[in-house]
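J.: As a plain string of letters, each chain reads:
Protein chains: 2
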Amino acid sequence: MREATLKCLRDAFCSESMSHVRYLIFAGHAQDESFPVLSRLFRAFALAKYLRASELYYLSRDMLGNPAVNSNSYFIFERTMDNLVKARDMEINSVKEVFEPYHALAMAESEPAAAHCLEKSAVISRVIANMIDNVVPKLRHTDEEPDIGDIFICSICGFIAIDRAPEACPCCNSSAENYILVV
Amino acid sequence: MREATLKCLRDAFCSESMSHVRYLIFAGHAQDESFPVLSRLFRAFALAKYLRASELYYLSRDMLGNPAVNSNSYFIFERTMDNLVKARDMEINSVKEVFEPYHALAMAESEPAAAHCLEKSAVISRVIANMIDNVVPKLRHTDEEPDIGDIFICSICGFIAIDRAPEACPCCNSSAENYILVV
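So the sequence lines, in the order shown, correspond to chains A and B.
Mind the numbering: the first sequence is residues 1 to 183 in this note's numbering, read in order.
Mind the numbering: the second sequence is residues 184 to 366 in this note's numbering, read in order.
It is worth saying that the hints were derived from the structure and are not from the lab.
Mixed in with the good hints, there may be bad ones.
[Said to hold, decoys possible] Distance windows between CB atoms, simulated:
| # | chain 1 | residue 1 | chain 2 | residue 2 | range |
| --- | --- | --- | --- | --- | --- |
| 1 | B | Lys279 | A | Asp163 | 29 to 37 Å |
| 2 | B | Glu283 | A | Ala68 | 13 to 21 Å |
| 3 | A | Arg61 | B | Pro219 | 30 to 38 Å |
| 4 | B | Arg323 | A | Ala68 | 28 to 36 Å |
[To be verified] Partial list, derived from the structure: chain A residues whose beta carbon lies under 8 Å from chain B:
| # | residue |
| --- | --- |
| 5 | His20 |
| 6 | Gln31 |
| 7 | Tyr50 |
| 8 | Ser54 |
| 9 | Tyr57 |
| 10 | Tyr58 |
| 11 | Ser60 |
| 12 | Arg61 |
| 13 | Pro67 |
| 14 | Asn72 |
| 15 | Ile76 |
| 16 | Ile92 |
| 17 | Asn93 |
| 18 | Val95 |
| 19 | Cys172 |
[Stated by the list, open to error] Taking lysine-lysine pairs in the DSS-like style, the calculated list, with each CA pair at most 30 Å apart, reads:
| # | chain 1 | residue 1 | chain 2 | residue 2 |
| --- | --- | --- | --- | --- |
| 20 | B | Lys190 | A | Lys86 |
| 21 | A | Lys138 | A | Lys86 |
| 22 | A | Lys7 | A | Lys86 |
| 23 | A | Lys96 | B | Lys190 |
| 24 | B | Lys321 | B | Lys269 |
| 25 | A | Lys96 | A | Lys86 |
| 26 | B | Lys269 | A | Lys7 |
| 27 | B | Lys190 | B | Lys269 |
| 28 | A | Lys7 | B | Lys190 |
| 29 | A | Lys138 | A | Lys7 |
| 30 | B | Lys279 | B | Lys190 |
| 31 | B | Lys279 | A | Lys7 |
| 32 | B | Lys279 | B | Lys321 |
| 33 | B | Lys269 | B | Lys279 |
| 34 | A | Lys138 | A | Lys96 |
Bear in mind the structure is a predicted one, so any value in this text is a computation, not a measurement.
Ideal placement from N, C-alpha and C gives every residue a C-beta, glycine not left out.
Can you build the whole structure from these sequences, using the hints too?
T.: Next comes the structure, spelled out in structure tokens:
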């Protein structure tokens, strides 16, 4: 693999790994603040980020040594409502500042597997941002947890679907049987 | 908090987050290779790293913006036996190259809470390295999984104990009731 593409994959792995941990922290905090539904939502986001990190890791494997990785990270820990709103900004920022430019670089270096992996990370980030966009207005108006229904996640790519698993994953095209219910 | 200390906490969070994800990947791979005991061991390591990452995150919270983080990461994905051996090197390296110098910096900046947190990360890394040292010779001689007994982990600091929870955690001094069994 070309070096600049590989560096993008590694840095994206770093970013997704930190997002995974951040969402687990937010999930625990939501539980402490008596928001079990939002805690489940954050756990779904955490699982999605783990799946993205894993795929980036596999593509970056078999490297000798201990390469430097560089990323940016938010260090937010506020009320659950604020964590949710800021998580949306983080996802949009990741798409614009990380996944889209890295995808363009991988394409320019003719690395289609790496480009596709980075594109999927952009898709998942947009899905998370959209889900937050749907949830936040309901929270603001009722001050109670919204009923968001069952959350299903594609165990291959991390795509998140509400109420039912799609027949074919819109992100990676795998079948519905690869979707799992987030509990 | 002083800026250089804060930077150390953030970079250590980055390092522990990637280690957490790497150990989850190793755990899944061990399961695929029919090593359920080693998979459980890797899951314990993953949980310990998550707890370390969380504590570092809490200490770094309430920061505005999107600060840069820098770390190093191994991108190893081999047979379970090799993953285990190399994980030991990663932990020893983390102690020498990350946690010990960062601890010294936090002490020099008179930041005792940060220093203590980084010291605990060094302790947990040494515990993991020691556990691997104990397991690897048994694996080499029998080519089967060793019987490593029950694994308990301190839910406060991530300290790992075999067979029973210590009355007082050797790392953070919390009581045995904060230890959980890794399943």
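J.: Please go over all the hints and tell whether each is borne out by the structure.
T.: Cross-check of the supplied hints:
1. B:Lys279 / A:Asp163: 29 to 37 Å: violated, 51 Å
2. B:Glu283 / A:Ala68: 13 to 21 Å: holds, 19 Å
3. A:Arg61 / B:Pro219: 30 to 38 Å: violated, 23 Å
4. B:Arg323 / A:Ala68: 28 to 36 Å: Holds, since B:Arg323 and A:Ala68 (Cβ atoms, about 33 Å apart) stay within the stated range.
5. His20: Hint holds; A:His20 Cβ to chain B Cβ min 6 Å, cut 8 Å.
6. Gln31: Interface hint status for A:Gln31: violated (14 Å vs cutoff 8 Å).
7. Tyr50: holds, 6 Å
8. Ser54: holds, 6 Å
9. Tyr57: holds, 6 Å
10. Tyr58: holds, 6 Å
11. Ser60: With a closest approach of 5 Å, the A:Ser60 hint holds.
12. Arg61: With a closest approach of 4 Å, the A:Arg61 hint holds.
13. Pro67: holds, 7 Å
14. Asn72: This interface hint holds because 5 Å falls under the 8 Å limit.
15. Ile76: At about 7 Å, which falls below the 8 Å cut-off, the nearest Cβ of chain B leaves the hint on A:Ile76 intact, so it holds.
16. Ile92: violated, 12 Å
17. Asn93: holds, 7 Å
18. Val95: Status violated, d = 14 Å.
19. Cys172: violated, 18 Å
20. B:Lys190 / A:Lys86: holds, 22 Å
21. A:Lys138 / A:Lys86: holds, 16 Å
22. A:Lys7 / A:Lys86: Measuring from Cα to Cα gives roughly 27 Å; hence the hint holds.
23. A:Lys96 / B:Lys190: It holds: about 24 Å lies between the C-alpha atoms, which stays within 30 Å.
24. B:Lys321 / B:Lys269: Judged against 30 Å, a Cα distance of about 16 Å means the pair holds.
25. A:Lys96 / A:Lys86: Since the Cα atoms of A:Lys96 and A:Lys86 sit roughly 15 Å apart, the hinted pair holds (cutoff 30 Å).
26. B:Lys269 / A:Lys7: Given pair B:Lys269, A:Lys7 holds - Cα atoms ~21 Å apart, limit 30 Å.
27. B:Lys190 / B:Lys269: Between B:Lys190 and B:Lys269 the Cα gap is close to 27 Å, so the pair holds against 30 Å.
28. A:Lys7 / B:Lys190: With a Cα-Cα distance of about 22 Å, the restraint between A:Lys7 and B:Lys190 holds, given a limit of 30 Å.
29. A:Lys138 / A:Lys7: violated, 40 Å
30. B:Lys279 / B:Lys190: holds, 17 Å
31. B:Lys279 / A:Lys7: holds, 24 Å
32. B:Lys279 / B:Lys321: With a Cα-Cα distance of about 27 Å, the restraint between B:Lys279 and B:Lys321 holds, given a limit of 30 Å.
33. B:Lys269 / B:Lys279: Answer holds: B:Lys269 to B:Lys279 is near 15 Å, not above 30 Å.
34. A:Lys138 / A:Lys96: holds, 27 Å
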